[in-house]
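Protein chains in written order, with our numbering: chain A, 1 to 110; chain B, 111 to 221.
Please note that the accuracy of each hint is not assured.
The calculated label-pair distances, taken between Cβ atoms and stated as ranges, are [to be verified]:
1. A:I47 with B:A160: 22 to 30 Å
2. A:H12 with B:G163: 46 to 54 Å
3. A:S52 with B:E183: 34 to 42 Å
4. A:T62 with B:E205: 25 to 33 Å
5. B:S194 with A:V84: 37 to 45 Å
6. B:N180 with A:P39: 31 to 39 Å
7. A:D97 with B:E205: 14 to 22 Å
To give an idea of the interface, some chain B residues facing chain A are shown, with a C-beta separation under 10 Å as derived from the structure [as the list claims (entries may be wrong)]:
8. V122
9. G173
10. A202
11. E205
Because the hints were derived from the structure by calculation, they are not lab data.
Computed from a predicted structure; not experimentally measured.
The beta carbon of each residue, even a glycine, is placed where N, CA and C say it ideally should be.
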Amino acid sequence: GQQVMQIPQYQHVQEGEDFTTYCNSSTTLSNIQWYKQRPGGHPVFLIQLVKSGEVKKQKRLTFQFGEAKKNSSLHITATQTTDVGTYFCAGSFNNNDMRFGAGTRLTVKP
Amino acid sequence: NAGVTQTPKFQVLKTGQSMTLQCAQDMNHNSMYWYRQDPGMGLRLIYYSASEGTTDKGEVPNGYNVSRLNKREFSLRLESAAPSQTSVYFCASSEATPREYFGPGTRLTVT
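Input sequences plus hints: build the corresponding full structure.
Okay, here's the thing in structure tokens:
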């Protein structure tokens with residue numbers, strides 16, 4: 001079935017280090033979204049990528065959509081303690097079905 | 111403008127009991143969703159409603175029923191709760207784009 005794989009499941013970094021989470025689908029996605037969920041909170045939309053090879057930046061966050069529209073990544077430069085949380089990708093397939101990745105839980109040591 | 115609201119925030123049920131989770135949105139969105147979130151499994155879609163009067167099954171519908179009461183409200187019912195339904199339940203809504211707005215969640219424990 002259609003699914004989106006996300007790695008790693010956990011990432012622990014020292015404050016100031018970089019962080020990357022990856023999402024991959026076996027079939028082409030029409031678009032991909034990224035969400036952040038703080039501990040005890042609910043998912044909050046970060047961004048949507050639609051075009052092949054698209055790269056978008058939000059301050060220290062860089063989002064990429066692969067050329068084949070089957071993979072995506074979120075990179076955080078110089079992590080801060082405020083970046084703590086779980087980052088989810090959500091891929092939309094051509095049949096309008098959307099699947100969330102399992103999430104990457106980021107912890108940051110001050 | 112409250113966005114998406116859910117009640118209750120917490121609930122403990124015994125196996126076999128029933129309950130209804132309530133969700134309302136004030137953004138005039140057509141689409142509403144119910145997800146469950148379990149550790150290590152992300153969010154899985156239970157049911158969704160593309161518009162008032164319609165509902166469709168998602169990825170994990172077994173053991174649940176839904177009602178789209180009107181454009182604002184979308185409820186999720188557990189007729190006979192099971193321990194496997196212990197989870198955090200999120201309601202979400204969206205308009206034309208896939209971007210979804212989530213409610214604060216309901217933490218349900220079934221003993």
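- Message: Holds or violated: the 14 to 22 Å window for the beta-carbon distance between A:D97 and B:E205?
- Response: holds (18 Å)
- Range hint 22 to 30 Å: satisfied by the CB atoms of A:I47 and B:A160? holds (24 Å)
- Item | Hint check, B:G173 versus chain A [nearest Cβ-Cβ separation less than 10 Å] | violated (19 Å)
- Message: If I claimed the Cβ atoms of B:S194 and A:V84 lie 37 to 45 Å apart, would that claim hold in this structure?
- Response: violated (30 Å)
- Message: Please check whether A:H12 and B:G163 have a Cβ separation lying inside 46 to 54 Å.
- Response: For B:G163 against A:H12, whose Cβ atoms are near 47 Å apart, the range 46 to 54 Å holds.
- Message: Can you tell me whether the CB distance of B:N180 to A:P39 sits inside 31 to 39 Å?
- Response: Holds - the Cβ-Cβ distance for B:N180 and A:P39, about 34 Å, lies within 31 to 39 Å.
- Please verify that hint: B:E205, Cβ, nearest Cβ of chain A, below 10 Å or not. violated (12 Å)
- Measuring from beta carbon to beta carbon, are A:S52 and B:E183 in 34 to 42 Å? holds (39 Å)
- Query: Quick one: are A:T62 and B:E205 within 25 to 33 Å, going by C-beta?
  - Reply: Holds: the Cβ-Cβ distance is about 27 Å, inside 25 to 33 Å.
- Item | Restraint outcome when B:A202 is required to lie within 10 Å of chain A by C-beta distance | It holds, given that the least Cβ distance between B:A202 and chain A is near 8 Å, below 10 Å.
- Message: Hint validation: B:V122 versus chain A, beta carbon distance must be below 10 Å. Holds or violated?
- Response: violated (18 Å)
Hint compliance for this structure: hints 5, 8, 9 and 11 are not met, and every other hint is.
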